[in-house]
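Trainee: Chain by chain, the residues:
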Amino acid sequence: MTYIDQTTEEPVVRAVSPPSSQIGPVAWVRKNLFSSIPNTLLTLVALFLLWKLIPPLLDWLLFSATFSGSGPEACKATTGACWTLVGVKHRFMLFGFYTYEEQWRPAIATIVLLALICGSGYPRFWGKPLALAWLIGLPLFCVLMWGGVLGMPMVETDKWGGLPLTVVLAAVGIVVSFPFGVVLALGRRSTLPAIRTVSTLYIELIRGVPLISVLFMASVMFPLFLPEGVTINKLLRAQVGIILFTAAYQAETVRGGLQALPKGQYEAADALGLSYWQKTLLIVLPQSLKLVIPSLVNQFISTFKDTSLVLIIGLYDFLTTSRTAVADPAWQPFYVEAYAFAAIVYFAFCFSMSRYSQFLERRLGAQGRR
Amino acid sequence: MTNTAAAAPATSNEPIISFEEVNKWYGQFHALRNINLAIAHGEKVVLLGPSGSGKSTLIRCINRLEEHQAGRIIVDGTELKGDVKAIERIRRDVGMVFQSFNLFPHLTILDNLTLAPRWVKKMPKREAEELAMMYLERVRIPEQALKYPAQLSGGQQQRVAIARSLCMKPKIMLFDEPTSALDPEMVKEVLDVMIELANEGMTMMCVTHEMSFARAVADRAIFMAEGSIVEVDTPHELFSNPKNERTKQFLGQILGH
Ligand SMILES: Nc1ncnc2c1ncn2[C@@H]1O[C@H](COP(=O)(O)OP(=O)(O)OP(=O)(O)O)[C@@H](O)[C@H]1O
Ligand SMILES: [Mg+2]
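Chains as they are written, first to last, in the working numbering: chain X, 1 to 370; chain V, 1001 to 1257.
Honestly, the hints are just simulated from the structure, not real lab data. Watch out, some of these pointers could steer you wrong.
Stretch-level coverage of chain X by chain V, calculated; a stretch enters the list once three of its residues show a Cβ under 8 Å from a Cβ in chain V [claimed, not checked]:
| id | stretch |
| --- | --- |
| 1 | 256-268 |
| 2 | 273-283 |
| 3 | 286-300 |
Here are the simulated DSS-like cross-link-like pairs (lysine-lysine), alpha carbons at most 27 Å apart as the crow flies [what the hints assert, rightly or not]:
| id | chain 1 | residue 1 | chain 2 | residue 2 |
| --- | --- | --- | --- | --- |
| 4 | X | K290 | V | K1147 |
| 5 | V | K1121 | X | K263 |
| 6 | V | K1122 | X | K128 |
| 7 | X | K279 | V | K1171 |
| 8 | X | K305 | X | K290 |
| 9 | X | K279 | V | K1121 |
| 10 | X | K263 | V | K1122 |
| 11 | X | K159 | X | K290 |
| 12 | X | K290 | V | K1125 |
Predicted model only: the values in this text are computed from it and were never measured. Ideal placement from N, C-alpha and C gives every residue a C-beta, glycine not left out.
Looking at chain V on its own, in the form it has when it is part of the complex (with noise of 0.2 Å):
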């Protein structure tokens, strides 16, 4: 029962991210143990489990930070193998929010914005930067385009960092813990972006413990731990119906303290 095979749900037969017997190893620490998973278009999938359960490794392996040594993962119908190009190709098309904002320093925001579109996509300026500021409109900071991310807040930051990666249009965006590094009184601003996005259809993948946000929007929750994929049920069937006993007792630690 440890490896829950999930079916993709009714919106799409063909699913957009496919995971097939997926194992990771750090030297001879296993990761992720048989990973099979199937995201379907515009899904919305929460993903949650204690500290070093393998969270962040199996978001990462979607646009290959992380390398899997064993397995399948398909994303877009494309295998992720050692093809560098495919693998460029791949990282267009899904976007990816860090914990720690990861905006680069020594770019204004806007050039921050219009970075990818002008070189990757090779979008004339005026076009990318017409496209930044509309990203900016929708995170509601057009007013900072011309500063230096050190001068924003926290909340600013990823607000931000996930208008960068709206900016090439990605058909996936992989959140990992994008408000533990907040404020508490920051933490909705982005949450509220975040919904926004989710209401649109945009197909999302979030690593987060904000229970509200996961009833809010996810299709599913995945619950993590020591590297397998625990329990898969709609957010509201394993926050308050956790059938299997690492999910109670891990839900028992977040909700109960």
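Excised from the complex, chain X in its bound form (with noise of 0.2 Å):
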């Protein structure tokens, strides 16, 4: 270890040790887990139920699980879970109802997909190849999913299901409804009485309702104010739905940022002569959004789980397909592994975002803050 003393003129650099008995994992042990009475009760009662918990879950999970087998009977005898269920109806439960022949499309679109948002994660990467990869990719997404070009047939949304529905539904509902949400912050901060209200009464309005009645509204209600004859597709309905649910809690969240912003700051930029959207977009925005990634990503992580909702409207999304693949009779008594299954899925998304989020925050709280 080296110290550098500052104080004097010349740097003096000495080399000196902690105490042993402060370093290491012993120290470590003691200082952070048998500090006190209360904490060393603390430690033995989490190792207690650690011990009375894991064994038995591992046991179920894997070393009693049976993974082979083509249908339930391979499940007669086990104690463990069935992931029989799994390698049998993997395809149902991921992509629904979609033509069975023609899967490997919304597999792939998915995976299109699913690089693009990694892909965007980067700031490295933010730039013009990054657009330009969004304007490929997506329009690949959506002939994938659609087919009836280039001899692949047209598969309609209405049996579209499963993961790719999952994540196009939170994608494209995150990735809209965060600029909405952004303007509503905005408005709601506006000095102009007309926007104030109104943006006020859309948040209120949406925030003291559940999502399920939007999409219910969205799916049931609005085609009746339709003229005769004008039908608009289910799932565009539902996405529409979420993202018009989901804007108004990223509202909430961003004003949060927006107020937090020291006043200084917004004079500042005014007596530069910033017009109103110069500051917004590069001293205020900047700064506020840095502030509130980690409930930002929060927000993220509840549109990605919420999108479950839509089965009330007959969209069957992936925790519904996981769920209807144990419908079957036979298969009925290892519905547990088919929620385990979806669990573990929805869990690897959640916490992939969740990670990105600290990643994001360590990289941008890197450039020098206050």
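Using the hints, build the complex out of the two chains.
Mentor: Shown next, in the form of structure tokens:
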């Protein structure tokens, strides 16, 4: 360990090691787990619970589980999980009622979409090539999903289902609702009474009702207002419902960031003669969005999971297809496995988002902060 | 005798800033009372007075960070009214330095300086950067250009803030207690920069209690209390021979203790 004494003119470099009783794993354990009697008790209780929980869980998930077989009979004797279910039914769980022979298309399409999203996550890639990638990627996604060209048969959206549907609803929901939410947040803080009132009304109205009712209205009530003969695709209606709903929540999160920004930042921007939009885009948003990254990503995670509610308007998202896979009476005893599989996949997505939030915070925080 | 309508000195006939019967309220609170004031081109004025007397409010009205409710404020021939475009135009010509610096923490020093020239004046990047480096040299910290504000000392940050305003080539500079947030040993480096600026003929209005600075550069010192201008005189006269009771009392407090 080196220690630089900065109080003298010439830096004096001395080698100083901390006392060995304060470093190393033993010291860490003593300091963090057994520093006091209550702390020791808590540690022991936690260890006991882990010892009671982890081995049986691992046993069920892995050691006693059945992985092979082609039907429910394979799991007759097992005491663990019956992953045979996933082996046999994974195509339906992942893709729902999408034409069986064509399921490679949603698979590729989903990978393309996820790759685009992951790529957009790295500040290093932000720029023209990324925009170009989206310009190519999005149409590619649509072409693969719909088909109807290049010899790929058309697959209507009411056949879409499973993971691709969940990913599309969540990704488009998040990407579109975010700017909308920012605009609403700015609107709510506008000095123009009309804009402020409309934004506030919208936010409070949408926040006051559950997503289920927004989806329900989008799917059942909305068509009643359309002229005879005009129909709007069910998927699109659900998507719009999710966007409208999420935007209201995003708006409140962003508003928190806008309020947290010191008044002096607004004044300095004004004093330099920046216009409202220059001030907002160059000074206010970069700082306030950075402040609310954790809450924003929290919101993204909620949105991802909330997409499972589209089931009430008859869309088969990933959770619904997983559950439908065990509708077959022979498979019914294994519904826990269906939910467990869905949970693992949801967890993988949500945990990635959470880690990404931490990465982004560190990355942007590295630029000198106060 | 509360409202001294000060005549502009002989440097120019047309004042660059003029207040005519200006009144301002915060809700029910009367923050500025019948302010009449004319500042000539190139004039340097210091404002002093007890806390809450309305010094900040007065200079913040000049670039419309605060809105006045009655009377007229005319800056460089344009009256400050509701017109947003006119206000933005005036703000380009009026630089302001704050007590708490208010640099943009997410931008480097260089980007802090080039931001307004590039976006407000649409100056090409190269040109804006050359300009910025020139002003950074004038405030004697060109070597800090690529750092972030948080990495600088208070005195350095305030000099950057001055340079940031100067990059817009303003006709008027407003300072609101530019040295009160600084440690004593950093006050001088900021005041030196301000004195240089004054000597180059910039029109300056400065809220400060730095007597030596006021004596060195100011043409007039204005004493405010309770939202009114109480006394206006040369710094020398005001400090050594105040006529008003409240001025005497205030000076006694800040000089005496
Ligand atoms: N935004 C505001 N809302 C309500 N009252 C305000 C506001 N800003 C200032 N005031 C009040 O107006 C009066 C004048 O404030 P101002 O900041 O101009 O005083 P000051 O002379 O600059 O004082 P200081 O030396 O403390 O900076 C104070 O009494 C203050 O409380
Ligand atoms: Mg003040």
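Trainee: Within a Cα-Cα threshold of 27 Å, do K279 of chain X and K1171 of chain V meet the stated pairing?
Mentor: 22 Å, holds
Trainee: Verify the proposed pairing of K159 of chain X with K290 of chain X, using a straight-line Cα cut of 27 Å.
Mentor: 40 Å, violated
Trainee: Quick one, are K305 of chain X and K290 of chain X close enough, alpha carbons at most 27 Å?
Mentor: Cα-Cα ~24 Å, so holds.
Trainee: Is it true that the CA of K1121 of chain V sits at most 27 Å from the CA of K263 of chain X?
Mentor: 24 Å, holds
Trainee: Can you confirm whether the C-alpha distance between K263 of chain X and K1122 of chain V stays at or below 27 Å?
Mentor: 26 Å, holds
Trainee: Does the alpha-carbon distance linking K290 of chain X and K1147 of chain V stay inside the 27 Å limit?
Mentor: 19 Å, holds
Trainee: For a C-alpha distance cap of 27 Å, please report whether K279 of chain X and K1121 of chain V respect it.
Mentor: 14 Å, holds
Trainee: Do three or more residues from the stretch 273-283 of chain X put their C-beta atoms closer than 8 Å to C-beta atoms of chain V?
Mentor: holds (count 6)
Trainee: Using C-beta distances, would you say chain V covers the stretch 256-268 of chain X, given that this needs three or more residues below 8 Å?
Mentor: Per the Cβ count (5), the hint holds.
Trainee: Are there three or more residues in the stretch 286-300 of chain X whose C-beta lies closer than 8 Å to some C-beta of chain V?
Mentor: holds (count 3)
Trainee: Taken at face value, is the distance from the CA of K1125 of chain V to the CA of K290 of chain X at most 27 Å?
Mentor: 26 Å, holds
Trainee: Check whether the Cα positions of K1122 of chain V and K128 of chain X lie no farther apart than 27 Å.
Mentor: Given pair K1122 of chain V, K128 of chain X holds - Cα atoms ~22 Å apart, limit 27 Å.
Checked against the numbered hints given earlier, this structure breaks only hint 11.
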